[in-house]
Structure formats: C-alpha cells, structure tokens
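Residue numbers (the working numbering), protein chains in the order written: chain A, 285 to 546; chain B, 5 to 409.
It should be emphasised that the hints constitute simulated quantities derived from the structure, not laboratory data.
Heads up, some of the hints might be wrong.
Calculated from the model, a selection of chain B residues having no Cβ within reach of chain A, i.e. all distances over 12 Å [said to hold, decoys possible]:
hint, residue
1, Leu-67
2, Leu-82
3, Gly-153
4, Asn-215
5, Tyr-269
The following label-pair restraints were derived from C-beta to C-beta distances [as the list claims (entries may be wrong)]:
hint, chain 1, residue 1, chain 2, residue 2, range
6, A, Gln-371, B, Leu-253, 42 to 50 Å
7, B, Arg-390, A, Gln-371, 25 to 33 Å
8, B, Pro-65, A, Val-303, 54 to 62 Å
9, B, Lys-180, A, Arg-486, 34 to 42 Å
10, A, Lys-484, B, Lys-180, 38 to 46 Å
11, B, Trp-172, A, Asp-306, 36 to 44 Å
12, B, Trp-172, A, Gly-325, 39 to 47 Å
13, B, Pro-65, A, Asn-423, 30 to 38 Å
14, A, Asn-423, B, Leu-22, 38 to 46 Å
15, B, Leu-169, A, Gln-416, 37 to 45 Å
16, A, Gln-371, B, His-185, 20 to 28 Å
17, B, Lys-68, A, Phe-428, 23 to 31 Å
18, A, Lys-298, B, Leu-252, 56 to 64 Å
19, A, Arg-486, B, Leu-252, 47 to 55 Å
Note that beta-carbon positions come from the ideal geometry of N, C-alpha and C, so glycine has one too.
Each chain is listed here by its residues.
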Amino acid sequence: MAEICLSANNLTMKFGGLVAIDNVSWALHQNEILGIIGPNGAGKTTIFNVVSGLYTPTSGEIVFKSNIINGLPPYKIAKMGIKRTFQQSRLFDNISVLDNVLVGMATLSKGTLVNSLFRRKRMAKELDENIQKSLGILNHFSPFLAENPYRKAGDLVPGERRKLEICRALASDPDVLLLDEPAAGMDPNESAELMEDILKIRDIRKGIGIILIEHDMAVVQKTADYIVVISYGKEIARGSFAEVSSNPLVQEAYLGSENENA
Amino acid sequence: METINVKKRKTQFALRKLITPFLLIIVVALLYSIVVFDNWLITLISLAIGTGLFVAYAKLPALKTLITESMRKDRILLLIVGVLAIIAVPLTLRTQPYIIHILIIAQISIILALGLNFQVGSTGIPNLGYAAFYGVGAYTSALLSTKLGVSFWISILLAGCISALFGWLVGLPTLKTRSYHMALVSIAFGLVTYILLNNIAFTGGPNGIKNVPPPELFGKSLFSSLRIFGHTFPVQFNFYYFVLVFVLLAFVVSRFIFNSKVGLYFNAVREDEIAAKCSGINTSTMKLLAFSIGAFFAGIAGSLYAHYIGYISPENFNMNTSLQILGMVIMGGMDNIAGVGIGAFILSVAPEKFRSLADFRMLATGLIILLMLMFRPSGIIKQQIRKYSSKYLMSENSTQGEHHG
Ligand SMILES: Nc1ncnc2c1ncn2[C@@H]1O[C@H](COP(=O)(O)OP(=O)(O)O)[C@@H](O)[C@H]1O
Ligand SMILES: [Mg+2]
Numbered sequence: 285m286a287e288i289c290l291s292a293n294n295l296t297m298k299f300g301g302l303v304a305i306d307n308v309s310w311a312l313h314q315n316e317i318l319g320i321i322g323p324n325g326a327g328k329t330t331i332f333n334v335v336s337g338l339y340t341p342t343s344g345e346i347v348f349k350s351n352i353i354n355g356l357p358p359y360k361i362a363k364m365g366i367k368r369t370f371q372q373s374r375l376f377d378n379i380s381v382l383d384n385v386l387v388g389m390a391t392l393s394k395g396t397l398v399n400s401l402f403r404r405k406r407m408a409k410e411l412d413e414n415i416q417k418s419l420g421i422l423n424h425f426s427p428f429l430a431e432n433p434y435r436k437a438g439d440l441v442p443g444e445r446r447k448l449e450i451c452r453a454l455a456s457d458p459d460v461l462l463l464d465e466p467a468a469g470m471d472p473n474e475s476a477e478l479m480e481d482i483l484k485i486r487d488i489r490k491g492i493g494i495i496l497i498e499h500d501m502a503v504v505q506k507t508a509d510y511i512v513v514i515s516y517g518k519e520i521a522r523g524s525f526a527e528v529s530s531n532p533l534v535q536e537a538y539l540g541s542e543n544e545n546a
Numbered sequence: 005m006e007t008i009n010v011k012k013r014k015t016q017f018a019l020r021k022l023i024t025p026f027l028l029i030i031v032v033a034l035l036y037s038i039v040v041f042d043n044w045l046i047t048l049i050s051l052a053i054g055t056g057l058f059v060a061y062a063k064l065p066a067l068k069t070l071i072t073e074s075m076r077k078d079r080i081l082l083l084i085v086g087v088l089a090i091i092a093v094p095l096t097l098r099t100q101p102y103i104i105h106i107l108i109i110a111q112i113s114i115i116l117a118l119g120l121n122f123q124v125g126s127t128g129i130p131n132l133g134y135a136a137f138y139g140v141g142a143y144t145s146a147l148l149s150t151k152l153g154v155s156f157w158i159s160i161l162l163a164g165c166i167s168a169l170f171g172w173l174v175g176l177p178t179l180k181t182r183s184y185h186m187a188l189v190s191i192a193f194g195l196v197t198y199i200l201l202n203n204i205a206f207t208g209g210p211n212g213i214k215n216v217p218p219p220e221l222f223g224k225s226l227f228s229s230l231r232i233f234g235h236t237f238p239v240q241f242n243f244y245y246f247v248l249v250f251v252l253l254a255f256v257v258s259r260f261i262f263n264s265k266v267g268l269y270f271n272a273v274r275e276d277e278i279a280a281k282c283s284g285i286n287t288s289t290m291k292l293l294a295f296s297i298g299a300f301f302a303g304i305a306g307s308l309y310a311h312y313i314g315y316i317s318p319e320n321f322n323m324n325t326s327l328q329i330l331g332m333v334i335m336g337g338m339d340n341i342a343g344v345g346i347g348a349f350i351l352s353v354a355p356e357k358f359r360s361l362a363d364f365r366m367l368a369t370g371l372i373i374l375l376m377l378m379f380r381p382s383g384i385i386k387q388q389i390r391k392y393s394s395k396y397l398m399s400e401n402s403t404q405g406e407h408h409g
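Take the sequences, apply the hints, and build the full model.
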C-alpha cells in the first residue's frame, strides 16, 4: 500500500448546536482517488473547508505528511501542497484564463516585490516557464482554454469554468487535490469526460492524492478507488463502490434524501 | 476594374494615414479650449463636444476599431507629440501662471489617483478616507522643514515613508472587515485624522502650517523665477517641470507593479478573497501592501503640495478631498493606469475652470461623475486583460494580428 499523505482523525466541526461533521476519520494515500459521498447537507463541503483552513475544527486533527495542520491559515496550507476547487466555482472573473492559472502558481514563487524589483531577468524567465506550464495544463483539460488564454474567465460557460478551476488548483503541482462536486451541473456525457480527465491527472502529477466529493453516486463509480459515505455529518459506510452501493444504510440515506427533494 | 480597386484602396490608405493627425488636432484643440480659455462656458461646451466624440467612439464599433488601429500604428508619433506637448505647454503660458498652477494641481492629483488606484482599483479595497494619507504626508513634510529645518529631499522621502507606515497601521483593522464595513472604517480614519489635525497645537490646529519652504534644486530655490532669453518665467514654470518628474515616476512605478506578480495577486484578492487564500496568497499582506503603496504615493503628493503652495491646513485633507480622488479613479477606470491619469486630469481641471460658478462648481463636478456612472460605469478606459510577450503565446498573438489586419 502506498504511503498516507493526508488523513483526518476523529474530525468534528460544530456550528453552534449544529454538528456538521461528527467524529469522521479517513485516510488518503498517494496515487489514490478517495470519494466522499453523501446526500446534500451531509457535511462534505465542510470537510474541505476544514482541511483547507477556512474553518478551524472543533476537535480532532488533520494530518498532512505527518504534520498536524488544523488551525493553519489557508494560504499556508495551500503552500504546503493542498489545493482545492469549490462547489460554486470561484474564479477570478475579471482577469484572463491564463492569469487565473498563474495565480494558482502563487505558492511556487519565492518573494514577490523584492524579487520582481531586483531580479527582473530571472523573473521574466520564470514567467515564461510558468506560461508554458499553464498552457500545458489547460490543454490537458480543455484545448479550448489553451487556445483562448486571454479570454476573461467571467465569459466562460459553466463546464469550462469548472475545468479552469481544476487547472488553477493543479498549477502549483500539489500533493493533494480536493475536488468539490466538479461534475455538478454537467450532463452525463460531459461528466463522464471530466472523470476521464480526473483519472489522467495522475499521469501529469505522479503520486498525487485526490479527494472527490460527490452527491451523485453514479459519477464516482468508475473514478474513486475507495469511498466513504457520510450522512448528517456521520460516516455510515466505507469500502469499494460495490460494497457501499449495496449497503442498506447508504440506500436508505439516499432514498430518504430523494423523498425529501421530491 | 482592378485599377479602380487599387485606386480606391490607395485613397483609403491615404485617408487612414490622416486619422491619427486628425485625432491629435481635435484632442489638442479640445484640451486647449478646456484648460487654457478662461471662460466656463467654453470649457463646458468643449467638455460636451469631447464627451460626444467619446460616446461616438464607444458606441460605434467601426469607428472604434478604425481609431484604435490607427493609433496603434502611429503610436510612436503619438508618443513624440504627447511628450513634446507636455514639455512645451508651459512655454506658451508664460503670461498665464494661473493656468500652469491648475496643471500643477492636476499633476499632483494624478499621483494621488494612481496611489488610490492600488487600493480601490487593483485590490478592491473601498477607501473613502484617502485624504488622510495625503494629509499625513503634507504635514510630515511641512513640519520637518519648518520646525526642524530638514531639507526638502529628506522631508519628501520621510513623508512618503511615514504615510506608508500610517497606511499599514490603518490597514490592520480593516483586514477583518469586508466591503461596507471596510468603507465605514475608512471614513472613520479619514475623519479622525482630520479632527486630530484640527485640534493638535503642534500641527497649528485649524490655522495649519504657514511658510513651508520651496524645494531646492542644485542649491537654488524653486521660487526664483527663471530668465531665459530676456523673458521672465513665472515660478509655476519651475514647479511644472519639477512635479512632472514625479508624475512620470509615479506612472512608471504603477505600470511596473501592475505588470508584476504583486499586481496580479492584488487582482486575485479583489476578485475573490477566499479563492485567493486557497491559491496560496497571503491576502492580509497583499491588502496591507496595497494600503502602504497607495499611502506612499499620497505622502509624496502631500509633500509636493505643501512645498508648492507653502501653506497647508486641515481643510485641504477633508472628506471632500477623499471623495474627489475616489471620483477620479472611478471615472478614469478602475485598475487602468492611463484611464486613472485621464480621470484625475479632467476632475482636477474642471472644478478650477468652473470657479466662476462659485458654489455651483462642485455641482458641475458631481454631475460629471454622475453622468459617467450612469452611462459608462466601467470608466473612461476599461480594465484591460494583461498581455504577456512570451514565446509560447507568439502563435496566439500573430493569429490575432491577422484577424485585425
Ligand atoms: N459556516 C456555516 N455556518 C453554519 N452552518 C453551516 C456552515 N457551513 C455549513 N453549515 C451547515 O453544515 C451542514 C453541512 O453543510 P455542507 O458541508 O455544505 O453539506 P454538503 O456539502 O454535504 O452538501 C449543513 O446543514 C449546513 O447548513
Ligand atoms: Mg457541498
């Protein structure tokens, strides 16, 4: 078994009286795609918000490369090598596609103002390399984006927006990538295509661990190596897709939520 | 058949060559009648004509591409004419020092607006108390040179640095706040600074500071009139070129920061702070940096103002001033350096020209901003997409060029 790169131990997150994550544990290995699924409101996004440092967990710990990282500010966690996307995509709308990816490389640069003042040649070279790399990543997910690097991110259609967000997160060669419902709002074809691209991330970034959040179980069927199912903040099942999908608790949780939705 | 076509094309070509000179003549004529004629009606009419032409330019795509294209082709000519005009203007105004005075105030305003643009335009931090930084700079410089006899050059440098430090400090409490709250905090520090300046005996209270000495250059005071070829030039003449150097520096530094990573990260903070954080940007540092750089510009501008006018009082740095500078940035175009410069120029010259309207002049200025916000909220020049000259993007650029040609 590959090494564990990120794990949550007895993680709990409370908002006042609401327990959004209730004593949840999981481990992500190198080269693995871990699926965290559950109905809407189960607490999936909250897990990412805690891991990426936006929230400080009420109790429990998050361990990344054998360091406890809870409570660190988001930018430090990003610098350590954990990058994420958002369920409601959060792009920098008024700047270009290329600039969005270049911001994603922020963690790579050492020093900003001082370097750009006194090491202009080196900075220019670095920029050139970064642009080349950006175009490569964009091309992996969407040749359209790579061909239109100067398009305003705000002018993209939803599918392209999601892809650009993934590119931005991948730009700094993270060790862990957190994807929050990347296929939301896509039709089955687009979503299947995206899952193919996600599987291929491991070709451009060896050893990367990916956590994929989904509320739709079918989407992760082919992608996730291992699945943790949560409902109302609690873990209710774990295992391979076949194992969790045949679990009666899981079926009940999903049926329950569908009845509510109807 | 073919020869006719060729002829047609040739005349078209010749016509196209005339576009830039024609534009130049219009712009220079308008500027001249707005700035130099001492009649508010002429100023108003010229402003209206200018606006009309600008609207036509913005609304008619054919005209727009034609003009931008010919401007791009003739950009060297434009640059040369522009530089010559900027250098030559005071020479034609030897007998009208007041007009040169207006231009100097416009120059100082440009430095101020460029500084505020880092905060409001690039980083998206609302700041309704920017005049506080301007005031801190002006008072620092004035106090240093009147009370301690420090030379101008050290005073202006310290004015910039102390103002930047002040910017960093008032930036701290705004880090935890967002949009409306942040705007309120900025109003508060603007007011507090104004009230403090009014009430501390050390700064002269409401009387301010008088007799701030003019800068010295090569051992000569800038207040000594030049005599060239038997003509005496007013002291404003000296200051015009003196401040011009600072304006050029301000433009160069602004451009440099805009094109650097810092400029890009400022934009990321403005566009989405949470996404910026999760991309690895220390958003607090970026905001404080925007505060300090902007305050540094304001400090320099304040020092220039104090040593030019020779007298400062708290009234120069009240809420009104803050709003006026904010208006320049919004009107010119947020996060667009050229636009902000143009906005600052128009909004500092217009009120001076409307002076004869007495109390109505602020109304006129307000009207300009209001109309602007209604019909062109993006400002005179819109925010531009950053272009890079990387070899990996070369194919991109060339195909774009073909489309245009
Ligand atoms: N910042 C917050 N404050 C209060 N409650 C929150 C906050 N964030 C999430 N919640 C609550 O936590 C629960 C889980 O939300 P979330 O993690 O977004 O669910 P999911 O992503 O699985 O749909 C929901 O009941 C939600 O209302
Ligand atoms: Mg969610």
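Does the hinted range 30 to 38 Å hold for Pro-65/B and Asn-423/A at CB? Holds, since Pro-65/B and Asn-423/A (Cβ atoms, about 32 Å apart) stay within the stated range.
Non-interface label on Asn-215/B, tested against every C-beta of chain A at 12 Å: Non-interface label on Asn-215/B holds, nearest chain A Cβ at 38 Å vs cutoff 12 Å.
Given the hint of 20 to 28 Å, is the C-beta distance from Gln-371/A to His-185/B inside that range or not? holds (26 Å)
Once the closest CB in chain A is found, is it more than 12 Å from Leu-67/B? holds (23 Å)
If I claimed the Cβ atoms of Lys-180/B and Arg-486/A lie 34 to 42 Å apart, would that claim hold in this structure? holds (40 Å)
Whether the CB-CB distance between Asn-423/A and Leu-22/B falls inside 38 to 46 Å: holds (44 Å)
Given the range 47 to 55 Å, decide if the beta-carbon distance of Arg-486/A to Leu-252/B lies inside it. holds (52 Å)
Minimum C-beta separation from Gly-153/B to chain A exceeding 12 Å: can you confirm that? holds (33 Å)
Quick check: does the Cβ-Cβ distance between Leu-169/B and Gln-416/A fall within 37 to 45 Å? holds (40 Å)
Mind checking the hinted window 54 to 62 Å against the Cβ distance between Pro-65/B and Val-303/A? holds (57 Å)
Can the suggested window of 39 to 47 Å be confirmed for the beta-carbon pair Trp-172/B and Gly-325/A? holds (42 Å)
Holds or violated: 23 to 31 Å for the Cβ distance of Lys-68/B and Phe-428/A? With a Cβ separation near 27 Å, Lys-68/B and Phe-428/A satisfy 23 to 31 Å, so the hint holds.
Against the hints set out earlier in the document, a violation occurs for number 5 only.
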